[in-house]
Amino acid sequence: MLPLITPGYYAIHTYTWLCIYWMLAASLRFIMLIGAVNFAHAGFMGIGAYASAVLMMNIHCSFWITFFLGGIISALLGLGFGLITLRLRGAYFFLVSFALCEIIRISLSSYWIGTLGGVTGISNVPQPNAVLGVEFGPDSLNSFYLAVIICSLVLISLYVIENGYYGKILKSISESEELCQSVGINTIKYKVVVFVIGCFIAGITGSLYASLNERITASDFTYSLSMFILVCVVLGGQEHIWGSIIGVIVLVIIGEEARSTALFEPIIWGVSLMAVMLFAPRGIFGFVTRFASLAMKRSSSSLKIGGDKQWLS
Amino acid sequence: MDTNWAQLIIDAIQLGVIYTLVALGLTMIFSIMNVINFAHGEIYALGGFATYYIFLRYLSTYLGGPGFINYFLTLGIVFLLFILLGFFLEKAIFRPFRGNLLGGLLVSVGFGAALQTAMTLTFGPETKGVPGMFSGRLVVLGAAISGQRAAVVVLGAVIISGLYIFLKKTKIGIAMTAVSQEKEAAESLGIDYSVMSSLGLGIGCALAGIAAVLVVPVNYVDPFVGHAYLMKAFIIIVIGGLGSFVGCLFGGFILGIIESFGGYFLDMPTSNIISFSIVISFLILRPKGLFGREEK
Amino acid sequence: MALLELKGVTKQFGGILAVDRIDMQIFEQEILGLIGPNGAGKTTVFNCICGRYHCTNGEILLQGEQISKLKSHEIAKKGIARTFQTTILLNNMSVLDNIIIGSHTWGEKSLALSFTNRRKYLRAKERAGDILRAFGMDKVSHMAAGELPHGQQRLTQIAIAVASEPKLLLLDEPVVGMNAEEIRYTMEAVKKLREQGITILLVEHNMRAVMEYCERIVVLDHGRKIAEDSPDKVRSNEDVIRAYLGAPEHFTED
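Residue numbers (this note's numbering), protein chains in the order written: chain A, 1 to 313; chain B, 314 to 609; chain C, 610 to 863.
Hints were generated in silico from the structure; no laboratory data involved.
Heads up, some of the hints might be wrong.
[Stated by the list, open to error] DSS-like mimics (lysine-lysine), calculated; alpha carbons at most 27 Å apart, straight line:
{"no.": "1", "chain 1": "A", "residue 1": "K171", "chain 2": "C", "residue 2": "K800"}
{"no.": "2", "chain 1": "A", "residue 1": "K171", "chain 2": "C", "residue 2": "K729"}
{"no.": "3", "chain 1": "C", "residue 1": "K729", "chain 2": "C", "residue 2": "K680"}
{"no.": "4", "chain 1": "C", "residue 1": "K616", "chain 2": "C", "residue 2": "K687"}
{"no.": "5", "chain 1": "C", "residue 1": "K800", "chain 2": "C", "residue 2": "K734"}
{"no.": "6", "chain 1": "C", "residue 1": "K616", "chain 2": "A", "residue 2": "K168"}
{"no.": "7", "chain 1": "A", "residue 1": "K171", "chain 2": "C", "residue 2": "K686"}
Next comes chain A alone, as it looks inside the complex:
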């Protein structure tokens, strides 16, 4: 654990990766706010990564443009996919997103091999272009700062959206879509917008990852990654964005510790997940807040209907 605290290559490397995972977890959780478990989240990250890498290497686009283009392309795919599939019920949406993730993986590794690199993927993805004299070398401190800044912006934005008026509507839709429709809320529109935002963030995360990691293959973006992020979100606690942050930290720590025991990693992961689901389903955050005071004031429920007998004025 010590290397994580002392400055140095290892710490920077790990913290950079934490930022990537945080962005993925927060954006997946954002999509889950409207009741959709997006199993293709890693796939959308992959689309952003490949788009950014290909544009940088083939037409020498600056990273600062391909970064956003990666997000936009993912968002567009998300728009098309979401419009078609978001009206499906929970289990069906989950299955179809699973199918999409596989389609993305297969497409990225089997088609356009010249550009996309087939199974071996793309290597030597360029770093972000130097700006204002600031250079971004691989595993450099500047790259780390970049990741932190982008991650912070993403997390803050998501937090603000969720806790604003827009977020109130999202919360209502997840509580009862039918009630919302009956008062005129176009729930599909809201679901699609949320989904597109989530995909956009997954896309820019991919673009960032591509440059920071310097190489990408389709197998980086399988449903296993989606599942890992999903576990982070649930384990940390779905109720709050801090849950996703905590969840990533916990799982990455477990991963690091388990790596020393090599083979045992998945079993620790699996058993931890089962334990959380069975004993603390609201996740770590939920567990902690259970002891905090409840938010809602409770008045006595012996009030009769009619109360003060006031009529409509």
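Position chains B and C against the provided structure of chain A, taking the given hints into account.
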């Protein structure tokens, strides 16, 4: 080059039968507990290892070499063992998640990962196979099929028919069907939901296990084959409809055709994409699948 | 001109004909009752009007405008609000929040402009407070909706519907499970709503409430309209009595 259509169709049927068995198990678990069991593939793999050890090691050692009787004994033992496994899993893990799709999914993911590692540690990561005992070749309408593969089709068909009869003709089976369609109504008729969900998971696991018993003599097994079969099961269930028996048959057949014909005329990645695209099309155009029911 | 008109509305579910060529009119600011034995098709008609189902045949016109093909949220925006037979609320949110959601118009801007909605949100919040006060529920405005007693939950549903500023309010068994005092209170509130300019369509099994508060009553049986008249005429209508004879308990007064 002449295309041997009959061969392609026979291959399709053989693939379809196995995939259907696995899918039937998964859809049964979903119908009754409303949970997508992500560990279903690992249970299949476990069935494969069970076959290896029971058939090859114990029965062969103690009851004379691999042979018909031992094979059918293995089939029976695995069936019973896995029903018990399902009972156990339901009580130990899945009970709190009945009706909770996300929760059940995640706990089954955890369980699947743990099970896969446990299998790797216990049995080793190498692939294992079992010799087939049905020798010879049949020729059907110009298509050649090995005796073992023919056995897979025949035995698979027998099991599927048995399941159908169970669900339609026996009291317990009818009760299960009732629970899967209208849980509250069934409960008010006195059907014990807990018993039904244990049985549902039991039969679901047993189906996955038996599928492996059929496949291992023809193909291999290692701790990692689970996910591929899980995906096939997903595809079938989406095409055929979550919770539909006939839908699984249909979906299994269609998937068999796609893989058999696709593998022949196109390459594997493309035929995989076709499978998945059909899945997506179905989910868009006919989300309930061909025969599915409304999800609660 | 009628506020809402149903022309030959038919709804089929597979082989079952739930609603068979219904013609009906609802006039402005009236309270119209829709009754019939179980299975008569009342809720189906209801759901066709609100867009939850699309009718197999026939037309539904709101102030002359076709709404048969619209989705439920579009119909709600046109000014038709509804309550539900089962109590559907945002259980984990406060009663006040539930009513605020009812004023959907405040959230309609795109995401980018959601910050400018503050004014609209505050207005909606104020209005929600007014509605709660009028229903006598302002003391519970901060309670979680799911924790209210049953009667207040039913009232909350009506309040949510009212918050969307409807022209036509469809009430699906609003007083189910209430005691006599709660029923009277609710129905008086409904009457007051009418005086505010809202037209009411009421589906109810509670005959006393229907007879006392509805000016006109439409009776359905097996998907068909068998009577459309004032309460007294309906009460003595032979077809109606015959239809209910199969379910006498519904025709007694609570």
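inquiry  = Are any of the numbered hints broken by this structure? If so, which, sorted upward?
reply    = 1 and 6
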